[in-house]
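Listed below are the residues making up each chain.
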Amino acid sequence: MKGLTHFVSGIAVASFFPQAVHMAVQEKSFILALGGIFGILPDTLDFKFARYFFKPEFEVRPDPNNLDAKKIAEGVAEAVKKAAEDGKSTLQLHTMQLGANRWRSYSLSFEKETNEIVVEIGPEIDTGQLPFLGTEVKDPQKAVARVKVDCEFQQDFDKKSTIGIMTGPAFEFAKTEDGKVEIIFLPWHRTWSHSFTLGILTAFIAGIIAYFTVGEGPNPDLYTLPRWMMYPLIILFGSAIHIIEDSTGFMGNNLFYPFTKKRTKGLGFMSASDAVPNFFFVYTSILCIIFNLDRFHPGQILETRAISNPWFYWIVFWALPSVVMFYLYFKGQGTKSKKKNKPDFDSPKMEHEPDVSVI
Amino acid sequence: MQTVLNLILNPQYLILVYFSFIGVLFSLIVSFLPALHIYNVLGILMLLVFHLEVALPPMHLIALCIGMIVGYSIFNTVPASFFGPGDESMSYYVLPSADWLEKGRGYESVILTAIGSLGGIVIMAILAPLFIKIVPILKTVTGPHLFWILGAVIAYAILSEWPKGLSYSSSRLTNFLEGWKYLGIGLLTFFLASILGFIVMNKTLVPVDFAFQSITPVFVGLFAIPWLITNIINIGKVPKQHIPETVEIDWALVYQGSFSGFLGGFFAAFMPIVTAGIGGLLSSHATAQRDNRLFILSYGTCKTVYYVGSFLLFFIPGVYLTRGGLASIVSPVMFATGYREYFLFVAIMVFSAGISFLMLMPFTKACIRLVEKVNYKWVSIVTLVLLIPAVFKFTGFGGLAIMAVATGIGLMPVLFQARRMNLMAVLLVPVCVSMAGYGNHVLRFLGLI
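Note that the protein sequences, when read in sequence, are chains A and B. Under numbering that gives the first Met the number 0, think of the first position of the first sequence as 0, with each following residue one higher. Under numbering that gives the first Met the number 0, think of the first position of the second sequence as 0, with each following residue one higher.
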C-alpha cells in the first residue's frame with residue numbers, strides 16, 4: 000500500500016479513542032497525528048534504514064555500453080545455483096543509468112515450467128518509466144536470454160520484475176525441504192519492521208515513558224483508561240493497521256519476528272500499487288476520522304452533532320461510493336487479465352516494490 | 000422560461016460578464032509577467048480602489064476578481080512551463096512539464112493541464128449545491144482540529160520523502176550516506192525554511208508601509224529566483240516545440256485525473272496554508288498515480304480547484320470561510336452574500352473558465368514563438384533583472400535582504416534534487432505551531448520576543 004494509505008489509516012485508528020479526540024480539542028495535543036506517524040513507520044524503517052543493512056552475496060551490474068541479456072541471466076543463475084547447493088544465497092540487481100533522466104530497463108522472470116531464468120533487455124526509459132520509442136535492442140541474441148538451471152523454482156505468484164530506475168531489486172534464494180529454490184523478493188522488506196512484535200515492543204517502551212511523564216488530564220473519572228495509556232495504544236494500533244493492510248497484498252509480512260523466521264504469505268486480494276484499493280482505504284479512513292471527530296467532540300450528544308444521521312452518512316458517503324469503486328476495480332482487473340499474456344512492462348500482478356514511491 | 004430569460008438577459012447580470020471578461024484579460028497580462036503572482040497584483044488593485052475611491056459595486060469587483068483568479072489559474076501554466084514557476088503550487092508541476100518541454104511537448108503539456116483545469120471547474124459547478132450542505136459540516140467538525148491536521152501534513156511531508164541514491168557501491172555505509180544525502184538536504188531545507196517563516200511572520204524587515212507585500216520577497220526568493228538561476232546555468236535553447244492538432248487522451252484519463260486533482264485541490268482550498276502543491280502530492284499518493292499524463296492533467300485540476308475553490312468557499316452562505324489570499328484581500332469590502340450571489344459566482348466562474356480556455360491556445364503559441372526565437376537563457380536573465388528591482392520597489396532593502404536569504408534556502412532542494420515542498424515549511428510550521436498555542440514559546444526561544 001502507499002505510504003499515505005498507511006498514514007491516514009493510522010490517524011483513523013487513533014480517532015476511535017474518544018479520550019484522544021478530547022485531548023486534541025481541549026489540550027491542543029497532536030496525539031491523533033501520532034497514529035499516522037506510527038502507521039507509516041514500518042516502511043520508513045525499511046526504506047530509510049533496513050535496505051542499507053542488506054549485504055548481497057552476488058551483484059549483477061549490467062554494462063549499458065555492452066548490453067547482453069545472457070550475461071545478466073548467467074549472473075542470476077550463479078546465485079540460484081549457490082542456493083541449490085548451499086541452501087541460501089542473496090542477489091542485488093543494479094539499474095543502468097544513462098543520464099540525469101534516462102535509464103535502460105530490463106526485466107527478469109523465473110519460469111517454473113521450464114526451470115529457466117529469463118532476462119529481456121527493454122527500451123530506454125525516463126524517470127517516470129515512460130519508454131523512448133526506437134531504443135529497443137535490435138539484436139535478438141543480445142535482447143533476450145533464457146538460462147536453464149538444474150533446480151525447480153518455488154514462488155508465490157508469477158512475477159516479472161522490471162529493473163528500471165533508481166535502486167534495483169534484491170532477491171534471496173532459499174532451498175526448500177523438497178529441493179526447490181524459493182524466490183524471495185526484497186528480502187530486507189516487510190520483515191522485522193512489519194511485525195506485531197515490534198509494534199508491541201515500541202508501544203511498551205512508549206508506555207513506560209508515558210506512565211512517568213504524562214499526568215492526569217481534566218475529568219479523569221469520565222474515562223475507563225488512564226490518559227498515559229493513550230500513547231502506547233495509539234502506537235500499537237497505528238503500526239498494527241499497517242501490517243494488516245499490507246497483508247491484503249501478495250508479499251505478506253513476518254508477523255511475529257523473531258519468533259517467526261519467514262514472511263507469511265499475503266492474502267493476495269490486491270497489488271500494493273492498485274489505485275482503487277489504495278483510494279478505498281484512504282477514503283474509508285477519512286470518513287472514519289470525520290465521523291469520530293464529530294461524535295467524540297467533548298460534550299457532544301446526537302442532537303448537537305454535525306452528522307446527526309449516521310446511517311445516512313455511511314450509506315450515502317461510504318456504501319454507495321464503495322460499490323462504484325469495487326465495480327471499477329473488478330472491471331479494471333478483467334481488462335488487465337485479458338492482456339495478461341502480452342509483454343507488459345507494468346504487469347498487473349507485479350508489486351512495484353523496487354520503486355520506493357509505492358510501498 | 001421567461002424567468003430564466005429575464006435572469007440571463009438582465010443587464011445587471013450582463014455587466015458581471017463584462018467585468019469577469021476584463022478580469023480574464025487582466026490575468027492574461029499578469030500571467031505573462033514571470034514570477035508575478037496574482038495575489039500581489041490584486042493587493043495593489045485593492046489599494047488603488049480604496050485610494051482613488053473608485054465607485055465599484057462589490058459584485059462588480061467580485062466578478063472582476065473571479066475572472067482574474069480563474070484566468071490566472073489556467074494561464075499560469077504557460078509561464079511556469081516556459082519561464083519558471085512563481086510559487087510552490089506551480090513548482091510541483093514544473094518538473095514533469097520541464098521534461099515534456101525538453102521533448103518538444105510543451106504545448107501538449109499546457110493543453111493537458113488546461114483540460115484538467117476545465118475538469119476542475121466542471122466538478123466544482125456540479126458540486127456547488129452540495130457544498131452548501133457539506134462545507135458547513137466539515138467546518139464545524141474540523142474547526143477545532145486544524146492544528147493537528149496541519150501537523151499531520153507536515154509529518155507526512157517529512158516521512159514520505161524516500162532516499163534517492165542508486166546504491167551502486169559495495170559499501171553499505173557509502174550507499175546509506177548517498178541515500179541520506181538527499182533526505183538530509185530535505186530536512187535541513189525544512190528546518191531553515193521554518194526558522195525563516197517564524198522570523199518573517201513575526202519580525203519582518205519589510206517596512207510597515209508595505210506590510211501587505213511582506214511575504215512576496217520570501218516566495219520570490221524560495222521559488223522564482225532559484226528556478227531562474229538554474230535555467231541560466233543549465234539550459235541553452237528550448238528545443239523546437241511540436242504543436243499537435245489533437246492531444247493523446249481518453250475520457251477515462253480525464254475522469255481519473257480530474258477526480259484525483261479535485262480531491263487535492265479541495266483539500267488545499269479548505270485547509271489554511273496548504274497549497275496546491277501539497278494537495279496534489281497527497282491526492283496523487285491517495286489515488287496511486289503512475290502515468291505522467293495523468294499527473295499533468297490532475298495537477299491542472301488541483302491548482303484550479305485550489306485557487307478558485309478557496310475563493311468560492313468564501314461565498315458559501317452562512318460559512319464565509321476565508322481561505323487563500325484572494326478571500327483575505329476582498330474580505331474588507333465584502334458584504335454578507337446569499338444564495339443568489341453564490342450561484343452567480345458559479346456562473347461567472349464557468350464563463351471565465353470557458354473564455355480562458357479559448358484564449359489559452361493562442362497565448363501558448365505566442366509564448367512558444369517567443370521562447371523559440373529568444374534564447375531561453377536571456378529570458379531568464381531579463382526576468383531576474385526585472386524581478387530584483389520590483390521586489391526592491393515594493394519591499395525596500397529589508398525585502399531584498401529577506402529575498403537573498405530565501406534564495407539561499409530555495410537553491411538547496413534545486414541543487415541537491417530534494418523535494419521543493421519542504422520549502423513550504425516557511426508557512427506551515429509557524430502557522431501550525433501558533434494554532435496549537437505554542438507560538439510564543441518558540442518565538443521566545445528564538446529570541447524574537
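Honestly, the hints are just simulated from the structure, not real lab data. Cβ atoms here follow ideal geometry from the backbone N, Cα and C, with glycine treated the same way. It is possible that part of the hints are untrue.
Sample of chain B residues lacking proximity to chain A, with all beta carbon distances greater than 10 Å (derived) [said to hold, decoys possible]: (1) Ile131; (2) Val140; (3) Tyr167; (4) Val246; (5) Gln255; (6) Leu281; (7) Pro316; (8) Thr406; (9) Leu414.
Partial list, derived from the structure: chain B residues whose beta carbon lies under 7 Å from chain A [claimed, not checked]: (10) His144; (11) Trp147; (12) Leu158; (13) Leu165; (14) Arg171; (15) Thr173; (16) Ala285; (17) Gly353; (18) Ser433; (19) Gly436; (20) His440.
Right, here's what the structure says about each hint:
no.: 1; hint: Ile131; in the structure: 14 Å, holds
no.: 2; hint: Val140; in the structure: 5 Å, violated
no.: 3; hint: Tyr167; in the structure: 6 Å, violated
no.: 4; hint: Val246; in the structure: 16 Å, holds
no.: 5; hint: Gln255; in the structure: 8 Å, violated
no.: 6; hint: Leu281; in the structure: 6 Å, violated
no.: 7; hint: Pro316; in the structure: 17 Å, holds
no.: 8; hint: Thr406; in the structure: 23 Å, holds
no.: 9; hint: Leu414; in the structure: 13 Å, holds
no.: 10; hint: His144; in the structure: 6 Å, holds
no.: 11; hint: Trp147; in the structure: 5 Å, holds
no.: 12; hint: Leu158; in the structure: 5 Å, holds
no.: 13; hint: Leu165; in the structure: 6 Å, holds
no.: 14; hint: Arg171; in the structure: 5 Å, holds
no.: 15; hint: Thr173; in the structure: 10 Å, violated
no.: 16; hint: Ala285; in the structure: 4 Å, holds
no.: 17; hint: Gly353; in the structure: 29 Å, violated
no.: 18; hint: Ser433; in the structure: 11 Å, violated
no.: 19; hint: Gly436; in the structure: 5 Å, holds
no.: 20; hint: His440; in the structure: 12 Å, violated
Checked against the numbered hints above, the structure violates hints 2, 3, 5, 6, 15, 17, 18, 20; every other hint is satisfied.
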